[in-house]
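Asker: Assemble the complex: chain A is given as a structure, and chain B must be docked to it using the hints.
Residues per chain, in single letters:
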Amino acid sequence: MRKVLAVASGGGHWADLCRLYPAFSGMDVAFVSVHPNYARQVDGHRFYTMRDVSRFDRWGVFLLLPQLVRIILKERPDVVITTGSAPALFALALAKVLVRAKTIWIDDIANVEQLSMSGSLARHVADVWLTQWPGLQTEQGPEYWGAVL
Amino acid sequence: MILVTIGTMLPFDRLVRAVDRWAGEHTEEEVVAQIGERGEYEPKNMRWMRLAAPDEFAAMVDRSRLLIAHAGTGSFLLAAERARPLVLFPRRAAFREHTSDHQLQTARWLREKAGVYVAMTEDELPGAIAAALARPDIAVEALPRYAPAPFVERIRKALLE
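From first to last, the protein sequence lines stand for chains A and B. Residue numbering for the first sequence follows my numbering, starting at 5 and increasing by one per position. Residue numbering for the second sequence follows my numbering, starting at 18 and increasing by one per position.
Since the hints were derived computationally from the structure, they do not count as laboratory data. These numbers were taken from a predicted model, which means no experiment stands behind them. Virtual Cβ for every residue (Gly too), placed ideally from N, Cα, C. Take these hints with a grain of salt, some might be off.
Calculated cross-link-like contacts (lysine-lysine; reagent style DSS-like; alpha-carbon spacing at most 25 Å) [what the hints assert, rightly or not]:
no., chain 1, residue 1, chain 2, residue 2
1, A, K78, A, K100
2, A, K78, A, K7
3, A, K106, A, K7
4, A, K7, A, K100
5, A, K78, A, K106
6, B, K174, A, K100
7, A, K7, B, K174
8, B, K174, A, K106
Stretch-level coverage of chain A by chain B, calculated; a stretch enters the list once three of its residues show a Cβ under 8 Å from a Cβ in chain B [claimed, not checked]:
no., stretch
9, 6-14
10, 112-125
11, 146-152
The following block holds chain A by itself, in its conformation from the complex (with noise of 0.2 Å):
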C-alpha cells in the first residue's frame, strides 16, 4: 500500500491539506502539522506534532529538524505531500535526503500573486511544483493543477 506523509503547518495551510483528504483515499496515510488538536480531524490515522517555525523564530528549527528525522525514519513515507509552510518545506528536504521520498509542494491558496517565500525555495526539493492561481504559472514551474476551493 501506498505510504503517504502529508505536512501542513496550521490555519489555512491545515485546511488546504485537509480539502484534498479524498485524494489519499486506499493509502496509507500519516498527518504531520503543529497543533494537536488537529488530530481528531483526522480520524484513523497517526498524527505526528511538529513545531512550528517562521522567520520570527529561527531557534525553532533545533527543535524542528529531530522531530522531522524522527517521523520520516519511522514512517519511511513513498511520498511526502504539503500545503506549506516553512516547517513543511525542512520536511520535504528531509523525506528525500533520507528516505528518497518523492516530494509534492502545492503553494497555499492565500499566495494569490506572488508565492510565498517557502514556495519559491520549494522548487529546490519539490518533484511536483505547484501553484493554486494560474497567473503564478510559469514555463520553468510551478504547476497549475487547480485550486482547493
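Answerer: Frame of chain A; chain B shown alone:
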C-alpha cells in the same frame, strides 16, 4: 454577538485594539475576542480569551452573527462552513504581524465574495462592521467540503505514480 478571531500562530494586537475601541463605542453589542497566546493588548470593552478549546470556539461561532478576523484563508473557510458574514483585516509585515504581506493579496481576492467585508486599516474597520451588520441576510456562501474532483484526482495520480 460578534466574534473576533486572529488565528493561532502570531499575535495581532492592532486588530484586537481596533475592535475593542469599536466595542467601547457600541456597548449595545456583545463582542467576544480570541486574542491568541502572545497578544499583549488586553481588551477592556469585550470579553476575551487567549485560545478557546475547539468545542467552546465552535459554540461561540454558533452564537455569533458576525465574524471579524485576520485575512487568512482559515477565516474565510470558517465563515463559509458556518454561513456567517465576515469582516477581514489583513496582517501587515511592516508591523511584524506576519512574515509577508500576503494577507493583502488574500483580502483583495476575498473581498469580491458575497458576505465578505474588508477593512485595510483601523479607520476602515467601523465602516466594514456597519456594512456587514446592515446586511444580516448575506453570509459567506457555503462551500463543498472537499476540493473540486478534477484537482483531487490529479493529486491522487501524482501520489500513486
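Asker: It remains to establish, for every hint, whether it holds in the given structure.
Answerer: Against the structure, the hints come out as follows:
1. A:K78 to A:K100: With Cα atoms ~14 Å apart, K78 (chain A) and K100 (chain A) stay inside 25 Å; holds.
2. A:K78 to A:K7: holds, 12 Å
3. A:K106 to A:K7: holds, 11 Å
4. A:K7 to A:K100: holds, 14 Å
5. A:K78 to A:K106: holds, 16 Å
6. B:K174 to A:K100: holds, 19 Å
7. A:K7 to B:K174: holds, 14 Å
8. B:K174 to A:K106: holds, 13 Å
9. 6-14: holds (count 4)
10. 112-125: holds (count 9)
11. 146-152: Check passed, 4 qualifying residues.
Hint check: no violations occur; every hint is consistent with the structure.
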